[in-house]
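Chains as they are written, first to last, in the numbering used here: chain A, 1 to 111; chain B, 1 to 113.
These are calculated hints, taken from the structure and not from any lab test. Bear in mind the structure is a predicted one, so any value in this text is a computation, not a measurement. Misleading hints may appear alongside valid ones.
Covered by chain A, according to a simulated footprint, are these stretches of chain B (three or more residues, beta-carbon under 8 Å) [to be verified]:
#: 1; stretch: 63 to 70
#: 2; stretch: 78 to 86
Listing some non-contacts, in silico: residues in chain A with all C-beta distances to chain B over 10 Å [claimed, not checked]:
#: 3; residue: Gly-17
#: 4; residue: Lys-42
#: 5; residue: Ala-45
#: 6; residue: Lys-58
#: 7; residue: Gly-60
#: 8; residue: Lys-68
#: 9; residue: Thr-95
#: 10; residue: Gln-98
#: 11; residue: Thr-103
#: 12; residue: Thr-108
Quick reminder that beta carbons are idealized off the backbone N, C-alpha and C, glycines included.
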Amino acid sequence: QQQVKQSPQSLIVQKGGISIINCAYENTAFDYFPWYQQFPGKGPALLIAIRPDVSEKKEGRFTISFNKSAKQFSLHIMDSQPGDSATYFCAATNTGNQFYFGTGTSLTVIP
Amino acid sequence: ETGVTQSPTHLIKTRGQQVTLRCSSQSGHNTVSWYQQALGQGPQFIFQYYREEENGRGNFPPRFSGLQFPNYSSELNVNALELDDSALYLCASSLPSSYNEQFFGPGTRLTVL
Numbered sequence: 001q002q003q004v005k006q007s008p009q010s011l012i013v014q015k016g017g018i019s020i021i022n023c024a025y026e027n028t029a030f031d032y033f034p035w036y037q038q039f040p041g042k043g044p045a046l047l048i049a050i051r052p053d054v055s056e057k058k059e060g061r062f063t064i065s066f067n068k069s070a071k072q073f074s075l076h077i078m079d080s081q082p083g084d085s086a087t088y089f090c091a092a093t094n095t096g097n098q099f100y101f102g103t104g105t106s107l108t109v110i111p
Numbered sequence: 001e002t003g004v005t006q007s008p009t010h011l012i013k014t015r016g017q018q019v020t021l022r023c024s025s026q027s028g029h030n031t032v033s034w035y036q037q038a039l040g041q042g043p044q045f046i047f048q049y050y051r052e053e054e055n056g057r058g059n060f061p062p063r064f065s066g067l068q069f070p071n072y073s074s075e076l077n078v079n080a081l082e083l084d085d086s087a088l089y090l091c092a093s094s095l096p097s098s099y100n101e102q103f104f105g106p107g108t109r110l111t112v113l
């Protein structure tokens, strides 16, 4: 049973465009929602994270939007760059140690 | 500062065999978590070790077991390998408090034939 559902599976965006990746969850006990970026041959790296007491968090070009009532959260990458081409994973936890990951989104930014 | 390292990089085993994967945590981190990442999927939590004790376990059978050593390095052992165990195995280290950032290693690619 997939605790966190992620879409789309793949995404192609022009340089300078906005990349949007969506995730949905069922467990209302989840209280921490990180996003990870993974390059080929590397482990995932934390990009940005949010708690459900805020609706939006922005760090540079990366923004998380959180909708608690809809149990959805999304990652927005503004001014997408070719260097952003990677696989992105959303995740959730309510214990702080066991994280449930989405299935990933492969992002390609075309120059 | 040394990051998380894992060995070996790649491994090929046959069904029924046993395998041991190793992880050295980032300097100063005393908590280690293990994940299984099947091809095209997100990482799935196997278990976490803190102070040499298991501190949380995901939905994996007992043939998946682990150890943490006094220097905080860790091993993942898998017995009676099955074809579905073929995956990238990731180790992540962190500080002990909940919700601390997990730093992932590059993983070990295990292929079971």
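Cross-check of the supplied hints:
By the rule of at least three residues with a Cβ nearer than 8 Å to a Cβ of chain A, the coverage given for the stretch 63 to 70 of chain B is violated, with 0 such residues. Counting residues of the stretch 78 to 86 of chain B whose beta carbon lies closer than 8 Å to any beta carbon of chain A gives 0, which falls below the threshold of three, so the coverage claim is violated. The non-interface label for A:Gly-17 is consistent with chain B: the shortest C-beta to C-beta separation is roughly 25 Å, beyond 10 Å. The non-interface label for A:Lys-42 is inconsistent with chain B: the shortest C-beta to C-beta separation is roughly 6 Å, within 10 Å.
Against the 10 Å criterion, A:Ala-45 falls within the reach of chain B, whose nearest CB is about 7 Å from its own CB. Non-interface call for A:Lys-58 relative to chain B: holds, since the shortest CB-CB distance, roughly 18 Å, exceeds 10 Å. Chain B leaves A:Gly-60 outside its interface by the beta-carbon criterion, the shortest separation being 17 Å against a cut-off of 10 Å. With a closest Cβ-Cβ approach of about 18 Å to chain B, A:Lys-68 is found to remain outside the 10 Å limit, as its non-interface label requires.
Consistency note on A:Thr-95: stated as away from chain B, yet its beta-carbon is not over 10 Å from all of that chain's, at 7 Å minimum. Chain B draws A:Gln-98 into its interface by the beta-carbon criterion, the shortest separation being 5 Å against a cut-off of 10 Å. The beta carbon of A:Thr-103 sits about 5 Å from the closest Cβ of chain B, which is not more than 10 Å, so the claim that it is off the interface is violated. Listed as outside the interface, A:Thr-108 is consistent with that label: its C-beta sits roughly 16 Å from the nearest C-beta of chain B, beyond the 10 Å cut-off.
In the structure shown, a violation is registered for the earlier hints numbered 1, 2, 4, 5, 9, 10 and 11, in ascending order.
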